[in-house]
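**Q** Once you have looked at the hints, place chain B on chain A.
Protein chains: 2
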Amino acid sequence: MKTKVGIVGYGNLGRGVEKVLQYHDDLELVGIFTRRDPDSLDTASRAYHMDALEKKTNDIDVLILCGGSATDIPETAHMYAKNFSTVDCYDNHRDMPNHFKRMNEAATGGENVSIIGTGWDPGVFSVQKLYSEALLPNGESYTFWGPGLSQGHSDAVRRLDGVKLAAQYTMPSSEMIKEIEDGRDVSYDKFSSHHRVVYVVLEEGADADIVRESIITMPDYFEPYETEVHFISESEYNKNHTQLRHGGHVIRRGYTGDNTHTYKTTLDLDSNPEFTASVAVACARAAKRFMDARQFGAKSIFDIPPMYLLNESRESLIERLL
Amino acid sequence: MKTKVGIVGYGNLGRGVEKVLQYHDDLELVGIFTRRDPDSLDTASRAYHMDALEKKTNDIDVLILCGGSATDIPETAHMYAKNFSTVDCYDNHRDMPNHFKRMNEAATGGENVSIIGTGWDPGVFSVQKLYSEALLPNGESYTFWGPGLSQGHSDAVRRLDGVKLAAQYTMPSSEMIKEIEDGRDVSYDKFSSHHRVVYVVLEEGADADIVRESIITMPDYFEPYETEVHFISESEYNKNHTQLRHGGHVIRRGYTGDNTHTYKTTLDLDSNPEFTASVAVACARAAKRFMDARQFGAKSIFDIPPMYLLNESRESLIERLL
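Taken in sequence, the protein lines are chains A and B.
Counting in UniProt numbering, the first sequence tops out at residue 322, every number present.
Counting in UniProt numbering, the second sequence tops out at residue 322, every number present.
Next up, chain A with everything else stripped away, as it sits in the complex (with noise of 0.2 Å):
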């Protein structure tokens, strides 16, 4: 029997939750669920309003939640982890122990369970951290973003008074990136790798200095980075800035006595809302069988043994990947 997922929420990331579904046979899509009217949805699937939800617990196994991080997901999460199982793509790394313990105990409850920051930052960069660690114990690690566009960043400045449109890039110091492969000693920290550059198209009529600094003293989003903001028009944007590609590079070097290691993983994604999409789908798929387990409650990428997020039995697994 195929497991039966809900979306919640149709932006870029839910859209891109309902493209991947096809590549899953064993998943099958049963509603998307929004607060507009599910008629001026442009999809060929099934929408409903969100008020058809609570109607629908018998016939949904897992909901992926793909409202925004800013206020949607710390706000409304833990009220569907009551009633569904979920998974969700929440991006603040800040909030994350308390949104695991919000989501922790709503599914908990609700004999539920809940795969919190699936994507891949958090997510697949957040494993392949633990990974690396837990292999070179000794050593350093390394995170670069992008170049790339960053959705949740993006999304926080869309909300802030006065702001149109607004997309956001980070930058990562390929002049570092290229010391740490040479080998060389690097002053590494989250904020001197990186800047932030951010393009913003105004409301008619807001101020501009104030908007630019609202972005540059958000916390955790923007301070203490070096953030550029540009203010640009509607044509601009939408020519250059709607490309949704992202990536970038976790680096481990460690050592064993007198040898170094390198353990690198690299993201190159043409689409990150269809790249955070499959991650959640695969989570989806763990969820599953989590719920199957009757291991109820809130879990990361770090709880689920990998094969809970293919198809595949272990038999098959260790003859044809080990």
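Bear in mind the hints are in silico, worked out from the structure with no lab data behind them.
A hint or two may mislead.
[What the hints assert, rightly or not] Within a straight-line C-alpha distance of at most 20 Å, the following computed EDC-like cross-link-like pairs (lysine to aspartate or glutamate) qualify:
(1) A:Lys190 <-> B:Glu319
(2) A:Lys264 <-> B:Glu111
(3) B:Lys56 <-> B:Glu111
**A** Okay, now just chain B, sitting in the frame of chain A:
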């Protein structure tokens, strides 16, 4: 309380495990068990004859089996698994399903845990193939090995008349890797994706042309690979070719509609046995976690929740790495 680890066998891998254990505060080396005279081992650790092992079942949590894959592991590993939880680095991919069955029967019967096929290939490469397939189900995977020293090929060259010393390196095709990353079509197969480079120290008076011809025409080992042969001095050999360097790349190129995503893992290892040992040691910690959860039987890296590999709480991992 520390997890108590025993080492069976004291070749390159056993010495690697002994060295790596110093980087894991929660693991403790109980002793090295050998078929040789234990006093003959060049080690500061406690060494015992293998016969002492039967009296140590209560003193050891996990045995790391460091015997060779040609005969030691397939012939003896299941006997240890009856009385001890084990980790092995068995690397005969084709025999892995049989090895799993043998180990699963023995470990389940003895209420032990046996983690099989750890290291980097099988091991890290295997789990990276699994993740990248799960996250990009619509795509193709490519594996490249090296630059790395192949002991078997070096030995084959060393047996030729006129050869005093030899080091054979497997080299991945960097052109093909770039073609994959650039999104171009490639005709990947075992032979076109790699070439071989041999460094030879000749015996006095040996004919270089004859030796070169004997190498490049050696069936299976070299023919039909593209092979380069370099003749060097003994001092250059000792300076540059006694390292057990290895590594490689696992690359998955996947598609969501028209969008292409690349997931690449690269290992660059100064010492093949020491990194292999590092993976085995982290898996010994995981074996203890499975034991504590009374989840007996054989496991592979596909079964291991990543957080089992680190000595850190879920809460701390979420805060620090998610």
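**Q** Quick check: which numbered hints come out false for this structure?
**A** 2
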